[in-house]
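Participant: Just so you know, the sequences run in chain order P and C.
Quick note: the first sequence uses numbering that gives the first Met the number 0, first residue 0, plus one each step.
Quick note: the second sequence uses numbering that gives the first Met the number 0, first residue 0, plus one each step.
To be clear, the hints were calculated from the coordinates, so they are not data collected in a lab.
Wrong hints could be hidden among the right ones.
As the list claims (entries may be wrong) - Below, simulated DSS-like cross-link-like pairs (lysine-lysine); rule was C-alpha separation at most 27 Å, straight line:
{"no.": "1", "chain 1": "P", "residue 1": "K116", "chain 2": "C", "residue 2": "K56"}
{"no.": "2", "chain 1": "C", "residue 1": "K56", "chain 2": "P", "residue 2": "K132"}
{"no.": "3", "chain 1": "P", "residue 1": "K128", "chain 2": "C", "residue 2": "K64"}
{"no.": "4", "chain 1": "P", "residue 1": "K116", "chain 2": "P", "residue 2": "K132"}
Said to hold, decoys possible - Covered, in the sense of this in silico footprint (three residues per stretch, anywhere, with C-beta under 8 Å from a C-beta of chain C), are these stretches of chain P:
{"no.": "5", "stretch": "97–104"}
{"no.": "6", "stretch": "117–127"}
Virtual Cβ for every residue (Gly too), placed ideally from N, Cα, C.
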Amino acid sequence: MKTEQLELIAKETPKKSSKEAVIEISNLYKSFGSQEVLKDLSFKLFDGENLVVLGKSGSGKSVLIKCIVGLLRSNSGIINVFGQNILTLDQKELDEIRQKIGFLFQSGALYDSMTVKENLEFPLKRMKKHLSKTEIDAKILEALENVGLPDAIDKMPSQLSGGMRKRISLARTIVVDPMIMLYDEPTTGLDPVTSDEISLLINDIQKKYKTSSIIITHDIECARMTADRLIMLQDGGVYEKGSLNKFEKSTDELIRAFFK
Amino acid sequence: MKIIIPISKAKELARLHTLKLSQKTIFGTVAITEFFTDFADVIMFIIHLVKETFSRKFEMREFLKQCFNIGYKTLPLISVTGTIMGLVLTIQSRPVLVRFGAETILPGMVTVSLLREMGPVITALICAGKIASGMGAELGSMKVTEQIEAMEVSSTHPMRFLVVTRVAAATLMIPLLILYADALGILGSWVGANIKGDVSFVLFFSQAFSHIGFIDFIPSLVKSFFFGAVIGLVGCYKGYNAGRGTESVGKAANSAVVLASLIVLIVDMIAVQITDILGK
Numbered sequence: 000m001k002t003e004q005l006e007l008i009a010k011e012t013p014k015k016s017s018k019e020a021v022i023e024i025s026n027l028y029k030s031f032g033s034q035e036v037l038k039d040l041s042f043k044l045f046d047g048e049n050l051v052v053l054g055k056s057g058s059g060k061s062v063l064i065k066c067i068v069g070l071l072r073s074n075s076g077i078i079n080v081f082g083q084n085i086l087t088l089d090q091k092e093l094d095e096i097r098q099k100i101g102f103l104f105q106s107g108a109l110y111d112s113m114t115v116k117e118n119l120e121f122p123l124k125r126m127k128k129h130l131s132k133t134e135i136d137a138k139i140l141e142a143l144e145n146v147g148l149p150d151a152i153d154k155m156p157s158q159l160s161g162g163m164r165k166r167i168s169l170a171r172t173i174v175v176d177p178m179i180m181l182y183d184e185p186t187t188g189l190d191p192v193t194s195d196e197i198s199l200l201i202n203d204i205q206k207k208y209k210t211s212s213i214i215i216t217h218d219i220e221c222a223r224m225t226a227d228r229l230i231m232l233q234d235g236g237v238y239e240k241g242s243l244n245k246f247e248k249s250t251d252e253l254i255r256a257f258f259k
Numbered sequence: 000m001k002i003i004i005p006i007s008k009a010k011e012l013a014r015l016h017t018l019k020l021s022q023k024t025i026f027g028t029v030a031i032t033e034f035f036t037d038f039a040d041v042i043m044f045i046i047h048l049v050k051e052t053f054s055r056k057f058e059m060r061e062f063l064k065q066c067f068n069i070g071y072k073t074l075p076l077i078s079v080t081g082t083i084m085g086l087v088l089t090i091q092s093r094p095v096l097v098r099f100g101a102e103t104i105l106p107g108m109v110t111v112s113l114l115r116e117m118g119p120v121i122t123a124l125i126c127a128g129k130i131a132s133g134m135g136a137e138l139g140s141m142k143v144t145e146q147i148e149a150m151e152v153s154s155t156h157p158m159r160f161l162v163v164t165r166v167a168a169a170t171l172m173i174p175l176l177i178l179y180a181d182a183l184g185i186l187g188s189w190v191g192a193n194i195k196g197d198v199s200f201v202l203f204f205s206q207a208f209s210h211i212g213f214i215d216f217i218p219s220l221v222k223s224f225f226f227g228a229v230i231g232l233v234g235c236y237k238g239y240n241a242g243r244g245t246e247s248v249g250k251a252a253n254s255a256v257v258l259a260s261l262i263v264l265i266v267d268m269i270a271v272q273i274t275d276i277l278g279k
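Next comes chain C alone, as it looks inside the complex:
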């Protein structure tokens, strides 16, 4: 059966259809333009950051203050998570290994897991939550309350004073926090192994360290520097480029955590691939 539509209605339908198509094209174009603008912004931010990092006037005092804030003030959180990480990993793995009579490889297995993957990634994700959000919120509120502009008119480069110091401090302190979390994780693992079994401290550690080599340690140390740089960079970028209203402070903090966590996982995936290729 043929459906007959009056010409005027057909014209109207065609017009609406064209309108919808052009709207979609416009929205698509805007989204693509925004993406490339943001990308260019990030590149410019990184170039500016690198340029300021290697300028002669390094703000050493502010850098040390940030090292204290990022490193020392995160210690309690990392202590708890590091210990729990090792403890839980041991308690979960032990029954399976006992079933196969491979209980003796437990310290080595847990230590390798902690050093290679669990320690760096979980610590970095926790640092992304605490440090990146803190930087995003702090710099965001400084922007909203004109403190960054006040710095600029005081002949101080905000990028050098606020961003370079924070990114450098995060790049240096987060690997140290990761090493600390790894150490506590192994200690937690020994505690976990002693909850249901009986392993001496010396035996546990000699078994643990007999299973690890530089290939377990060096790549994870290298990637932890990248984690630190990513967390500092994303936190500062989001805060430094926050909008003018107070709601933008919350947005900056929130997006800093989300983006930093995502990039940490992506960097980890790339690092694992590179390690795998180099290890062959």
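Same shape as in the complex, but just chain P:
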């Protein structure tokens, strides 16, 4: 077999065989009133991988990751995070699990009334209570350097551009050393250059913090740059899953609409 063919097979094969699942979702259902958003959804996120979740607007992508972190309660199903079913945990146990999960919101969700430093201090003081003032300051600076914005430390969110807000929001998420990252449309509303920068940052964070990530997006460039594996949601369920190569070569009409 030719080397090129071997490489192709390697790319086609998801990197799941040797790794264990950090998130395992089985038969998940979520509805709002009579509107069913997630229907019998099942998939796994493996340790150290970037899983990109594609789908049309309203396909339930954001609802999915909000269910994972317990912001929304699903109607039925199992959401195992590090072996613990989110749906059966009490508030204290849920808070403990949440300390291992970083969530980057679509809007950034920076606290408007706080400076950048206070924004980063907020989760640190609550999740890492053992840290001293010096250690907190050092971690804040490190996180800001990792996103390339150490000079923004004393700025208010209103003084930041869209891209800067996203970076600071990312810094606030990584400052507590999460093991899983959930990105809700990280490049939405950004110009192509800034979008690429954010995508590169996602990869940097994966390498540096050894995180496993779910990246919700419909930005194909972001998916191309970050995905180890992809799934596509349609009508509340998994429509297709596999490697980037499989998606790129698919002849399916819906997938082609994304990968034009």
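Given chain P's structure and the hints, the job is docking chain C onto it.
Facilitator: Only chain C this time, still in chain P's reference frame:
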């Protein structure tokens, strides 16, 4: 004269009539259901709030920050309204009292009015306008921009951090603002009395305080704590339960003012009745 309607038309009219009746019944049922759902929501919100208030982890720093925002930042507004309240009340009452030769009771009358009713109610209504709307808009915009959810995933209870601190700060600071407005109102009254007359500061105040007792002071102080709690609670409830769109921020702020003002007046009416019964 008999009007003859064809059977088909009569059937059609009967069908339309039945349809209208069933529509009215449906709308009525929906409105009643919505009312009880909202009521249950409010009760659950209050239970949750009380539970979080007495939890061990009180957010003291945020509470002090809110005390500063509610108390200190409202001082200029309350200073102006408090002074004007006393001044206007004196200028309006003086001619009538002069006509009956009862000018000497002016300081006592104005002071009792201010302490019992005007000071607490007007200050509370102004606070409802400023503080309840501010809370409604702030929490509403935090909800729209996912800041409340961001707090939740940071292992922080938004109810404890945002609502408990604001309601507690309003409950504590609004009575203090009311006392401050009362004091400035009496001062304004002295200024008003001196615009057309000549009363010394010491005489005015000795006359004012000779007319008041604990029965004038304590009930109004107690009700002002309720005013504070209502303003904080309504502002936070409306903001915390705002919808997802940006227009819901404006709606939350607006309905917070309207509802808080209305409840302040209702609480005042109940407080007056209770004071009246207890005073007999």
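Participant: If a hint holds in the structure, say so; if it does not, say that too.
Facilitator: Evaluated hints:
no.: 1; hint: P/K116 x C/K56; in the structure: holds (23 Å)
no.: 2; hint: C/K56 x P/K132; in the structure: holds (20 Å)
no.: 3; hint: P/K128 x C/K64; in the structure: holds (21 Å)
no.: 4; hint: P/K116 x P/K132; in the structure: holds (12 Å)
no.: 5; hint: 97–104; in the structure: holds (count 5)
no.: 6; hint: 117–127; in the structure: holds (count 4)
The earlier numbered hints are all upheld by this structure, with none contradicted.
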